[in-house]
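Asks: Let's have the full structure, built from the sequences with the hints guiding it.
Residues per chain are reported as follows:
Number of protein chains: 2
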Amino acid sequence: MRRVLQRSAIILGILVTASALFIMGFVELNEQGKYALSKEEMAKASDIYFNTCAGCHGTTRKGATGPSLLPDRIATIPDSQLFQTIMYGKPGGMPDWGRQGVLSKDEINLMIKFLHNEPPAPPEMSMEQMYDTWKVYVEPQDRPKKPEHNRNWKNFMGVILRDVGKVAIIDGDTKELVSIVNTGFAVHILRSSATGRYFYSIGRDGKVTMIDLWMKKPDKVAEIKVAYDARSVESSKYKGPEGDFLDKYVVVGGYWPPHLVILDGQTLEPLKIISTSSYTYDDNEFMRETRVASIVASHFEPSWIVNLKEAGIVWIVNYKNLDKGRVDITALDAEKFLHDGGWDLTKRYFLVAANAMNRIVAVDAKEKVVSAIIPTGNRPHPGRGATLKHPQYGNLWLTGHLGDNTIACITTPTDGNGTKPWQVVKKIHLPGKGGGNLFIKTHPKSPHIWADRPLNPDPKLQRSVFVIDKNSLEVIKTIEIPKEFPGRAVHLEYNKAGDEVWVSVWGTKHQSTAILIYDDKTLTLKKTITGDWVRTPTGHFNVYNTVHDIY
Amino acid sequence: MRRVLQRSAIILGILVTASALFIMGFVELNEQGKYALSKEEMAKASDIYFNTCAGCHGTTRKGATGPSLLPDRIATIPDSQLFQTIMYGKPGGMPDWGRQGVLSKDEINLMIKFLHNEPPAPPEMSMEQMYDTWKVYVEPQDRPKKPEHNRNWKNFMGVILRDVGKVAIIDGDTKELVSIVNTGFAVHILRSSATGRYFYSIGRDGKVTMIDLWMKKPDKVAEIKVAYDARSVESSKYKGPEGDFLDKYVVVGGYWPPHLVILDGQTLEPLKIISTSSYTYDDNEFMRETRVASIVASHFEPSWIVNLKEAGIVWIVNYKNLDKGRVDITALDAEKFLHDGGWDLTKRYFLVAANAMNRIVAVDAKEKVVSAIIPTGNRPHPGRGATLKHPQYGNLWLTGHLGDNTIACITTPTDGNGTKPWQVVKKIHLPGKGGGNLFIKTHPKSPHIWADRPLNPDPKLQRSVFVIDKNSLEVIKTIEIPKEFPGRAVHLEYNKAGDEVWVSVWGTKHQSTAILIYDDKTLTLKKTITGDWVRTPTGHFNVYNTVHDIY
Chain A
1 MRRVLQRSAI ILGILVTASA LFIMGFVELN EQGKYALSKE EMAKASDIYF NTCAGCHGTT
61 RKGATGPSLL PDRIATIPDS QLFQTIMYGK PGGMPDWGRQ GVLSKDEINL MIKFLHNEPP
121 APPEMSMEQM YDTWKVYVEP QDRPKKPEHN RNWKNFMGVI LRDVGKVAII DGDTKELVSI
181 VNTGFAVHIL RSSATGRYFY SIGRDGKVTM IDLWMKKPDK VAEIKVAYDA RSVESSKYKG
241 PEGDFLDKYV VVGGYWPPHL VILDGQTLEP LKIISTSSYT YDDNEFMRET RVASIVASHF
301 EPSWIVNLKE AGIVWIVNYK NLDKGRVDIT ALDAEKFLHD GGWDLTKRYF LVAANAMNRI
361 VAVDAKEKVV SAIIPTGNRP HPGRGATLKH PQYGNLWLTG HLGDNTIACI TTPTDGNGTK
421 PWQVVKKIHL PGKGGGNLFI KTHPKSPHIW ADRPLNPDPK LQRSVFVIDK NSLEVIKTIE
481 IPKEFPGRAV HLEYNKAGDE VWVSVWGTKH QSTAILIYDD KTLTLKKTIT GDWVRTPTGH
541 FNVYNTVHDI Y
Chain B
1 MRRVLQRSAI ILGILVTASA LFIMGFVELN EQGKYALSKE EMAKASDIYF NTCAGCHGTT
61 RKGATGPSLL PDRIATIPDS QLFQTIMYGK PGGMPDWGRQ GVLSKDEINL MIKFLHNEPP
121 APPEMSMEQM YDTWKVYVEP QDRPKKPEHN RNWKNFMGVI LRDVGKVAII DGDTKELVSI
181 VNTGFAVHIL RSSATGRYFY SIGRDGKVTM IDLWMKKPDK VAEIKVAYDA RSVESSKYKG
241 PEGDFLDKYV VVGGYWPPHL VILDGQTLEP LKIISTSSYT YDDNEFMRET RVASIVASHF
301 EPSWIVNLKE AGIVWIVNYK NLDKGRVDIT ALDAEKFLHD GGWDLTKRYF LVAANAMNRI
361 VAVDAKEKVV SAIIPTGNRP HPGRGATLKH PQYGNLWLTG HLGDNTIACI TTPTDGNGTK
421 PWQVVKKIHL PGKGGGNLFI KTHPKSPHIW ADRPLNPDPK LQRSVFVIDK NSLEVIKTIE
481 IPKEFPGRAV HLEYNKAGDE VWVSVWGTKH QSTAILIYDD KTLTLKKTIT GDWVRTPTGH
541 FNVYNTVHDI Y
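From first to last, the protein sequence lines stand for chains A and B.
Note that this note's numbering has the first sequence beginning at 1, numbered continuously upward.
Note that this note's numbering has the second sequence beginning at 1, numbered continuously upward.
Where chains are identical, the list cannot tell them apart; a pair therefore holds if satisfied intra-copy or between any two copies.
20 Å max Cα-Cα, derived EDC-like pairs, lysine to aspartate or glutamate:
1) Lys368 / Asp323
2) Lys368 / Glu242
3) Lys225 / Asp283
4) Lys320 / Asp282
5) Lys175 / Glu148
6) Lys225 / Glu285
7) Lys324 / Asp283
8) Lys324 / Glu367
9) Lys320 / Asp333
10) Lys366 / Asp323
11) Lys324 / Asp282
12) Lys324 / Asp364
13) Lys324 / Asp264
14) Lys217 / Glu148
15) Lys426 / Asp469
16) Lys389 / Glu474
17) Lys366 / Asp333
Don't read these hints as lab results, they were simulated from the structure.
Replies: Set out below in structure tokens:
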């Protein structure tokens with residue numbers, strides 16, 4: 001009898017416990033269920049996150065230029081507000097992904113769910129994985145020994161057709177389309193090999209493509225994927241007493257994994273991976289996700305200037321002894337959120353934006369010290385900047401801003417001239433309110449500096465370019481692009497001679513636009529390149545100017 | 001009626017589902033329950049793991065010198081076998097933690113459970129956390145301006161009393177105990193500041209203690225914890241045209257976090273953290289846990305040689321411009337599993353064991369290249385090695401082995417001498433079977449080299465030291481330590497004059513042992529230092545010899 005009672009009690013206990021567990025489970029399930037993602041949804045959301053959000057919010061969602069998107073912060077924001085933000089953007093810099101048509105409503109709702117979940121651990125990438133993606137389409141020995149065409153290939157323009165995954169090669173002399181090369185998704189920039197013969201493209205998905213301009217119809221000769229997320233590529237440009245490194249190496253900077261990858265400049269074979277995970281320069285916090293922003297090659301020694309964004313550290317990476325298993329890295333404490341930058345007129349000093357800090361860092365690449373940290377304006381975005389010799393101020397380097405309408409003119413060291421370097425001697429005001437400038441450009445043979453403003457909220461300013469006089473440092477003309485081409489005016493590049501300026505009309509991938517060529521003397525539209533293939537043109541790079549860092 | 005039926009069906013459904021869930025939950029609970037750990041157990045096991053296992057198996061349990069201890073591998077081994085291994089060790093190098101009395105049976109069973117669980121994510125350590133542990137007991141300005149005693153402090157011996165968390169300072173002239181300093185748990189090594197005035201100790205728990213030998217009774221003047229797990233500490237030793245860095249910096253190498261921490265040499269204030277997470281030199285796999293093995297200071301330039309164990313990379317870290325926010329690192333591809341090493345006779349070449357690869361790597365610290373990689377024997381363990389000028393072979397650097405009974409004599413470059421460097425010109429055979437040698441030592445004024453063998457399985461060999469003639473390169477005497485002192489003979493150090501050799505008797509913390517001083521001429525026991533305080537003496541370091549890298 002006692003036993004039966006015990007057994008009953010046990011069964012009752014089990015049932016009560018089971019019910020309690022079930023109810024708890026159900027409640028939990030319901031709470032989690034709201035944001036639960038299937039494997040396929042998780043994969044799709046991760047993919048969207050990588051391509052659309054990681055750039056500003058970081059691959060691990062800990063925040064970078066944009067705020068943290070980890071679940072604990074997301075939980076404090078109503079889902080309706082998250083939707084509004086993704087749909088319509090925010091004045092601080094968050095794009096209007098919904099309104100632009102980049103994300104559908106369903107995709108925005110998927111992303112809201114995704115953000116409520118813990119971020120998936122981002123994968124590593126080994127060299128073995130890189131090898132698996134490496135393709136040499138034309139071996140070096142099978143490539144032309146001299147150009148197979150009579151075109152002036154040093155004046156070729158490489159135009160990124162971003163959202164259709166292509167790069168167009170255009171003859172800068174004749175304006176003819178020479179070739180369209182399939183490069184894969186979302187090419188970020190092109191860089192020339194030191195001789196100019198090759199273009200290297202880097203996709204936001206970490207894919208590098210190498211295009212041979214000597215082929216009758218320029219085409220890709222090699223490709224490799226070296227990251228899941230990347231922004232920068234550069235070639236080795238030094239030839240001198242320490243060796244001949246022209247077209248010898250290519251270096252890629254990863255956003256994720258955070259690393260430098262050095263490739264063979266002739267074949268893209270991966271040679272070396274260097275982790276960039278670092279402690280921040282100031283408060284010495286470990287940043288697994290220390291992303292590589294801009295990389296620029298030195299002309300006077302075998303080295304690259306590499307900017308470690310979150311850590312605020314500039315590396316000078318000497319590649320001279322790479323074939324002996326040796327790399328020399330000088331690490332310079334600089335400023336946080338390093339982004340883009342370029343050489344001064346003498347190519348000894350490198351100036352880079354610490355964008356979220358509203359400062360420009362000047363690095364003396366010869367003495368290997370930080371020469372100055374200069375407050376300029378609201379979120380400087382120089383691209384590579386613009387350089388000129390001014391009759392009063394001497395050498396200048398200029399940057400525009402995302403967050404205000406000024407272009408800051410900074411003095412750089414000038415031989416035989418007493419101008420004190422690293423001063424903002426002038427702020428040029430672009431007409432109209434707000435910033436949104438992405439690029440400025442000049443050429444030593446031109447009397448002008450050109451500026452775009454594609455991220456300005458005003459559609460009229462988005463579609464305008466601004467011409468500045470090099471002497472007066474004032475805007476002398478605002479040019480609105482022709483009405484028939486839908487999209488924003490973005491990126492400026494001179495031809496080799498420095499007498500014309502190319503501007504992209506950045507639309508959507510569903511509609512063709514144009515590449516506009518302005519006469520730099522008359523400041524009038526000289527030629528319009530159109531065609532069904534002209535889809536989302538963004539950056540366009542002149543071979544000669546890119547080789548020689550002319551800007 | 002229909003409604004009632006529906007409701008019944010729903011209730012039935014709920015009950016069935018609940019029972020099913022409960023049963024599933026119960027089964028799972030049972031499976032996991034077997035190895036489930038309470039929070040307290042997890043903390044205790046993590047602690048034991050850090051102190052006992054992480055050294056060889058890695059903090060993240062991915063394996064290093066020892067195999068992986070991740071759950072998927074552990075699941076393939078019966079628990080009974082795991083118990084045997086932890087209890088009795090393995091011939092490959094796994095110590096007999098149970099038999100030695102380091103771990104109780106309950107603790108071994110706890111560790112088996114722990115190994116079946118996923119490893120807890122090891123924590124980061126920020127500079128802020130380091131600051132929280134930083135204590136300056138005596139400010140620099142309050143320290144003696146000259147020695148407060150008349151002792152010959154350059155002949156002091158610092159003796160690690162490992163398992164009681166103390167360092168004894170002994171007068172090498174009088175053999176008197178001068179002071180006992182509480183340093184905290186498991187000091188691994190001592191290093192002298194460049195002037196010799198300070199001893200820096202590093203604990204396996206990442207705690208650095210700084211002892212001032214000029215005080216009447218030498219005591220700690222500062223301490224800081226800079227890692228959870230660490231093995232190496234070194235001072236800045238360069239004074240010359242590039243600056244005076246004597247006693248200026250201290251550098252610590254972390255096992256976890258994997259980093260270098262540079263401290264102020266006068267106060268131990270943390271100045272800079274540098275991540276050592278790297279890609280392996282050969283197959284370019286990312287190793288978050290790239291641990292810092294030995295660090296040795298250069299005498300001819302302001303740099304440290306830093307060995308990155310898992311990556312197989314040697315760093316030469318130049319600290320000259322540290323105060324300007326600049327660090328220069330030369331990274332040399334070397335060989336995997338770098339461990340301990342030291343300078344050649346000229347102090348230009350650094351030789352380091354790649355222990356699991358059975359090789360010695362020779363680095364030219366001047367030209368900054370790997371000069372040679374030399375196969376020597378089974379798991380070389382040089383400590384810092386032993387150096388001598390041999391009448392026939394010229395300069396030699398010697399290493400013993402954990403895995404065999406040989407001492408390899410390697411030629412190093414000799415001025416004005418044709419001997420080809422980097423050859424194993426002789427293998428000295430220690431008597432008796434097996435390896436187990438940890439340290440060898442010599443002195444320029446001595447005709448002998450001494451070797452210990454504490455890790456040999458033979459208790460007689462464990463308790464013996466071996467004297468080698470520098471000319472014949474043969475063992476001329478085996479000395480068994482006196483029977484009355486229980487423990488193994490470990491570590492050898494000459495006094496400043498080079499005419500006596502100190503040996504520790506390494507017992508357990510429950511019993512006092514002795515420090516034995518042998519006359520290097522007569523090879524007889526000259527003096528025995530005993531006392532209740534002599535507990536687990538291990539390494540003992542002569543100030544003068546440590547300052548000048550005499551070995």
